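Novice: When you get a sec, could you build the whole thing from the sequences and use the hints?
Chains as they are written, first to last, in our numbering: chain A, 3 to 75; chain B, 18 to 583.
Don't take every hint at face value.
Here are the simulated lysine to any residue pairs, SDA-like style, with alpha carbons at most 25 Å apart [unchecked claim]:
id, chain 1, residue 1, chain 2, residue 2
1, A, K68, B, W71
2, A, K62, B, K128
3, B, K54, A, D9
4, A, K63, A, F49
5, B, K26, A, I27
Simulated from the structure, these hints should not be mistaken for lab results. Remember, it's a predicted structure, so these values are computed and weren't measured experimentally.
Take a look at the letters that make up each chain.
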Amino acid sequence: MENNSMDLRSVIGWFFMIISVLLLIASFTTENGHEINLITGITFLIFGGVMYLLSRNGKKKAKAAKAAASKVE
Amino acid sequence: MAPQTKKMKLHLNLIDGLVIFTYFIFVLGIGYVLKRKMKTSNDFLMSGRSIPMWVASLAFISANLGAQEVLGMAASGAKYGLFTTHFYWLGAAIAMVFLGIFMMPFYYGSKARSVPEYLALRYDEKTRGFNAITFAIMTIFSSGISLYALAILLEAMLGWSFSSSIVVASIIVLAYTYLGGLTSAVYNEVLQFFLIVLGIAPLVYLGLHHVGGWEGIKHNLEGTNLLHVWKGMGSASTNPLGTNWGSLVFGLGFVLAFGYWCTDFLVVQRAMVTKNINDAQMTPIYASIPKIFMPIIVILPGIIALVLMKTDPSYTIPLAKGGGYDYNMTLPSLLQHFYPNGLLGVGLTALIASFMSGMAGNVTAFNTVFTFDIYQSYIKKGASDQHYLNVGKAVTVFGIAASVATAYLARSFDNIMDFLQLVFGFINAPLFATFFLGMFWKKATANGAFYGLISGTLAAAATHGLTVAEGKGGWLSHLLGSQPLYEYGSSMGQNFNIASVAFIVCFLVTWLISLFTQRRKESELVGLVYSLTERQKTGHYVWYKNPVIVGSLVVIVTIAFNIIFY
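Specialist: Here is the structure:
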């Protein structure tokens, strides 16, 4: 992903985390559907967080690999 | 639609609007960020062959997760029950495994940039030209259908006019495909995949909970065979598909499924842009794993809707203008029934995403084929790369405009899936015979392939014109002033047989002409034909990167599903 200067996992992570916040707000502000908005919001938050962490981990690994390659050179 | 528009209209609040707005911002943002990387025609049309396998795999199924899958499969689920799973458990999964193991080494190894270009390498330019033109027409049809489906959805659910829905959707898809090319389409397809799955999954949960789970469904549909996959397939009159097992296995399981998944550049392109041949092979095979489970998201809601109509007086599938149920509105009506504000925005965005995904996938395949296989091959050879990049961008604009025109045409068909099968039958079914012979029979000649393709396509058109199903077809009989030769129990059954006839005619004509025409030297066919190409050794791959091992596991699970739901 890095060769296109965008890590898709990070984009997906941010997207679902933002949507999860909206769902959590909805769960407390709408009359009906408190429970399903809350459950879905939490699920999205976890999924978004995992994607974001995977992206950070990937970046760290790529950096370490780059550093190792430059040492060899 | 007008009487139902009132019934179906959703009451969105600020949070629903913000969900949709956030999605549009991300979609356009991806295109904008990728814009500066689009320096060559290869970047724009082929993603520089640098897409990671997991992205390619999800894009591979997401490119197909357009209107025909999300709205059409829920519609078919309500109409045909579990029989609809044949599109997955008989067709898609096995065809995807076949593509990965047997066909992808030739596509990727030949360094062709498109499926028509492989035909040019294996046969000749006229076969490529014929395929490129028919494929271009097909992608525009498919793209237009996605746009049409989105427009009727927004018309019914938000009260937007058909035309304004089309303008808004087409401008957004145009913006991100024009800015970021194929890479933008592929990245967005992955985002759309997760959004569709996670956005519709709560509907399945709520629906199942409401009808008493799978046991509740079984109890309420007792006495019908809608929860079986094979029961009643002995005769066309004893199952809702209106076809028998022979037509189903050959027409759908072999011809249509293999024709679509193994030769349609729209999906094959997603595997061709990966970094190496192993990734290219594993892309469709990994994609087949979520594909097997996709009926839970796209078919089960249709079955839940059937049960709800029996058990919940407040729910019904909306009625169509001309009478009967408007099955295409099954999924939107369920969203309206179950989703509260907040989640309603997510569900609606998931539907919008599926249509955009289908449309963008078709448009990006169209611009690649038009630029490389039509423009560069027949109109202007040897121009600068910048010129082809500009042409690719201009063709993207043209593709969207043509899709808009097609969307209006698609309005006259009441079941999108039936319509798509018809189009694929005309184009993909004979093409699979051409590829099959080309890859596995070294004696197939260019003239054989060309005339075989034309004969197969004409045979498909003639079969459609001489038979009728649900009032469709029979146009040739009408022109000749005679009665149709045969009346099918359903459009689906008619489509399977059209595809079968097209395949058989193409196969026989190609075989016959090849016997009497000059074939190419064997040395020219190395890397293009199975028997003349050294087998790729896969023993050194770990098991999860070995196409044969993972492919076999997928086939075993698929067979198990067929047995469990017999």
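Novice: Hint numbers the structure violates, sorted upward?
Specialist: Checked against the structure, the only hint that fails is number 2, while the rest are satisfied.
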